[in-house]
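**Q** The listed protein sequences correspond, in order, to chains H and C.
So for the first sequence, our numbering puts the first residue at 1; every next one is plus one.
So for the second sequence, our numbering puts the first residue at 1; every next one is plus one.
Hint data in this document are derived by calculation from the structure and do not stem from the laboratory.
Careful: at least some of the hints might be erroneous.
Just so you know, same-sequence chains aren't split out, so a pair can sit in one copy or run between any two.
Straight-line Cα separation of at most 30 Å, DSBU-like style, residue types lysine-lysine; simulated pairs [stated by the list, open to error]: (1) 139 to 49; (2) 92 to 64; (3) 100 to 48; (4) 48 to 122; (5) 139 to 52; (6) 64 to 469; (7) 100 to 125; (8) 139 to 100; (9) 166 to 190; (10) 52 to 122; (11) 464 to 45; (12) 52 to 100; (13) 48 to 476; (14) 100 to 64; (15) 45 to 139; (16) 464 to 100.
Values in this document were obtained by computation on a predicted structure and should not be read as measured data.
The chain contents come next:
Protein chains: 2
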Amino acid sequence: MAPRKRLLNLETMNQAVLDVKVPILGSVLARALEIQQEIDQGIVKPFKKLTKCHFGDQQAMGHKPRTFLRQVAALCTYPELLDTDNFAEDAKRRAREILKTLDNNSVGSYNPTYITQVLPRKIAKFIEQRDGGVPSDPKNIVVSGGMSKAVLNALALAADEESPLKTGFVVPVPYYPLYGDAIALFGATKVEYVLDEERGWAVNEENIRESIRAARQHCNPKVLCAINPGNPTGHVLSRDNMEVIIRVAAEENLLLFADEVYQENVFAPGVVFHSFKKVLFEMGPEYSERVQLVSIYSISKGISGECGLRSGYIEFVNVDQAVFNYFGILKSFDIPSVIAVLTLEVLVDPPQPGDTSYESFQAEAQNLLSTQLEKARLAEEIFNRAPGICCNPIQGALYAFPRIQIPERAISLAQGRGQAPDIFFCHLLLEETGIVLVDGTSFGQAKGTYHFRISLLHPLEELKSILEKIVEFHAKFLQEYS
Amino acid sequence: MAPRKRLLNLETMNQAVLDVKVPILGSVLARALEIQQEIDQGIVKPFKKLTKCHFGDQQAMGHKPRTFLRQVAALCTYPELLDTDNFAEDAKRRAREILKTLDNNSVGSYNPTYITQVLPRKIAKFIEQRDGGVPSDPKNIVVSGGMSKAVLNALALAADEESPLKTGFVVPVPYYPLYGDAIALFGATKVEYVLDEERGWAVNEENIRESIRAARQHCNPKVLCAINPGNPTGHVLSRDNMEVIIRVAAEENLLLFADEVYQENVFAPGVVFHSFKKVLFEMGPEYSERVQLVSIYSISKGISGECGLRSGYIEFVNVDQAVFNYFGILKSFDIPSVIAVLTLEVLVDPPQPGDTSYESFQAEAQNLLSTQLEKARLAEEIFNRAPGICCNPIQGALYAFPRIQIPERAISLAQGRGQAPDIFFCHLLLEETGIVLVDGTSFGQAKGTYHFRISLLHPLEELKSILEKIVEFHAKFLQEYS
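Extracted from the complex, chain H is given alone in its bound form (with noise of 0.2 Å):
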């Protein structure tokens, strides 16, 4: 046989999966991994060891996870641990419960009916309660692995690849890279709103309907993204903004998507969570019959943060029926791991007054918040104190994005590079401190602005340390390059 070319090679390959970014690994990460392996090797750097700032991974920063819920994991895994004495009473009791309306009372099945029913039935009586009353219907609600998956199967469902023009994702700047994956994924057009740093993160509302309207030049805006408690600007939308967001989509006929996986991350004194199916509903018929609405809850986040399990669901509001049934059978090539599930339901039906680990699962939140306000409101005054750092208030969610000033000359070398300057930088303070950041750039920001996200998941201590590193690293930049 003469020597032929492989058939699978960069040239030959699927075109689209060409463009997609890996999640959050953008240059800096992948510098971070060889410093690792440089490290290993034995070179001297600046430091001792790496400072991961870059992952929303809590359990992996020390966060431990809740007990009932391992302790019901535990159970169910190995159900002949019943008969011993290592266990809260109400863990069992809830194991046994769980295995009984298992097939076979295995978490070794695949479970249809618990996942796509059982499940579903405590989901909705949750979402119900966190609502105030608004219904939810189980049917609507879908039971998943991990989330990113999960959305780009929804997302998937709107994405019309034959059309000549390119369907549109409405998405905030910044945003959480995973909706920019998805529109390089589907082939689709990324429709940016900006949002006002100035006002706390604050929606602009005759700019998101301008971004729009310039957008359907081009292409058929379909799904207008929103993220609420925000990644990575760690605020937490006001009532008015939802308003907005949810009358823009009613007007400009677009499915709402909203990413609300921090829901339960939410620190700030007097500020609120409302999901954003609450405000719809609120708002009226006109509105609560009419949008489309698409939520999404993760397990991975929240108070358990329980990133290596893979679980969350999707609850589908005004989604015809037909449609959502596709999403099932996307979903169904991605079957959820039982464990992973159940622990969901543990969550959304957690201990009440009286069961016997109620005190303790109430005090891992208590702790779990009060320990995230007191991060936000370090960071924030740590990055405010700094000359050319500034950072809005941090309301939710795991992270302080601060938006830093760059010096020209520090911007002419980096475009010298072919290099965000953001970027850039980030680089420069890794290669000297170890501590690893995401650029700004990775999420997207308004034009001329620089940032960086920093998860605060470290130890109090330690995380003040950190900050004062950056801090102090930020100046010498800013001094070397004026």
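Since the structure of chain H is provided, determine the placement of chain C on it from the hints.
**A** The following block gives chain C in isolation, referenced to the frame of chain H:
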């Protein structure tokens, strides 16, 4: 606002998705689900409950999980249990080892290093041992959650949706329906090679070459799928047949996609599973250095049958690193559950002689395989004794796929209903007996032949009575419609 049509409806949604079928959920299962509801409502049927023979979910049918695997999983989920004495010593030791390799010792972290480095190294050793020393590079191994999604991600790399000439996926007939779904989802074209039922589902070399040659007139064949052991057929490919497939892949420059998820479920005396990788390497460098191979493994099948946990791996051979990187990206939206993947570690690195759990771990495997053999023999016997039913020897996997005679009058009747004749048969059987099978049409079958797939998962005595009921029903059916 004037009432407007909601944006997302069947006409506006992604049209590619409309062509996708639910895996293994044809009209027969859909009707079975309705019947279940009718029974729940108190409607009287000729049977008390459904007899589910349509899926490969071993644990749902009473198969016990592997003790060592579940012990390790429970210990890692709730490490406080390490201080109790409810576990085998080696389970504790293994759990401690695994926890040490996890980020912050937690299954609740994303654990990228464990998933992409630690575990692939163990899997590579397992593969080398399985293949008699053929080298395996951990860099070419990707650990995934459920393998359906992983298969779609791998096939997505090859699909070229932008080319006017559609991508051809060459699949055996019968094939596992997931491959048909992938073809629909990626707008590809199905190219069939019909297995020779008369020769125990052997590959017909002339037939496969001719199929591909003919397909080149209207599409661009890029992937050649082989399923070994066969689903739904239960045959194990002979070494000769594997060589044919490899030669065709080499000569026709196709990516060889080897679905080997039933590799441990081989029980017929004298029948041995060879991996495609092993055969490829034994055919010499002319093949082993050129043929691009993708092989998949799943914890849902094999001895453990852990369908509910969701894990497995893919090994890539000769796939350019550049392309392979993009698989990693697609996969990155689909992070597996850490509890699931650590059970994969247990399976590829099982207890060794001298370990406390060694004997019982081995015994569990032996028991399962000998039971599977008994069930296979029983199915062959009962089917082949029946006039108008014919069943090939079942050597592996979990199913029988007998050919059934359907009288002309039944064929016309079915056609009048717009139903394939085998679907017609399965519906009649379901309505009268409550037995849920999957029709041959769902898998594809040679023109003019009719089949069904039955899972051989019920306990032996129960299975015997099910098989007898089917045979009896078919005899009556032959009589009634002849």
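**Q** Each hint needs a verdict: does it hold in this structure or not?
**A** Each hint, compared with the structure:
Taking the shortest alpha-carbon separations for residue 139 and residue 49, only the inter-copy value of 24 Å comes in at or below 30 Å, while the best intra-copy value is 49 Å. Both within a single protomer and between protomers do residue 92 and residue 64 lie at most 30 Å apart by alpha-carbon distance, with minima of 21 Å and 21 Å respectively. Taking the shortest alpha-carbon separations for residue 100 and residue 48, only the inter-copy value of 21 Å comes in at or below 30 Å, while the best intra-copy value is 51 Å. In this assembly of identical chains, residue 48 and residue 122 lie within 30 Å of each other by CA distance solely across copies; the values are 29 Å between and 48 Å within a copy.
Within a single copy, residue 139 and residue 52 get their C-alpha atoms only as close as 41 Å, which misses the 30 Å cut-off; across copies the closest is 24 Å, which meets it. Within a single copy, residue 64 and residue 469 get their C-alpha atoms as close as 26 Å, which meets the 30 Å cut-off; across copies the closest is 55 Å, which misses it. With identical chains, the CA atoms of residue 100 and residue 125 are at most 30 Å apart within one copy only, with a shortest distance of 20 Å there and 39 Å across copies. When the C-alpha separation of residue 139 and residue 100 is checked against a cutoff of 30 Å, the pair qualifies only within one copy, where the shortest distance is 22 Å, while the shortest distance between copies is 42 Å.
Both within a single protomer and between protomers do residue 166 and residue 190 lie at most 30 Å apart by alpha-carbon distance, with minima of 10 Å and 27 Å respectively. For the identical chains of this complex, residue 52 and residue 122 are inter-copy neighbours only, at 27 Å across copies versus 37 Å inside a copy, given an alpha-carbon limit of 30 Å. In this assembly of identical chains, residue 464 and residue 45 lie within 30 Å of each other by CA distance solely inside one copy; the values are 22 Å within and 70 Å between copies. With identical chains, the CA atoms of residue 52 and residue 100 are at most 30 Å apart between copies only, with a shortest distance of 19 Å across copies and 42 Å within one.
For the identical chains of this complex, residue 48 and residue 476 are intra-copy neighbours only, at 21 Å inside a copy versus 79 Å across copies, given an alpha-carbon limit of 30 Å. In this assembly of identical chains, residue 100 and residue 64 lie within 30 Å of each other by CA distance both inside one copy and across copies; the values are 29 Å within and 16 Å between. In the homo-oligomer, the alpha carbons of residue 45 and residue 139 lie at most 30 Å apart only across protomers (27 Å), although the nearest pairing inside one protomer, at 56 Å, exceeds that limit. Taking the shortest Cα distances, residue 464 and residue 100 sit within 30 Å of each other only across copies (28 Å), while inside one copy they are farther apart (48 Å).
Hint violations for this structure: none, all hints satisfied.
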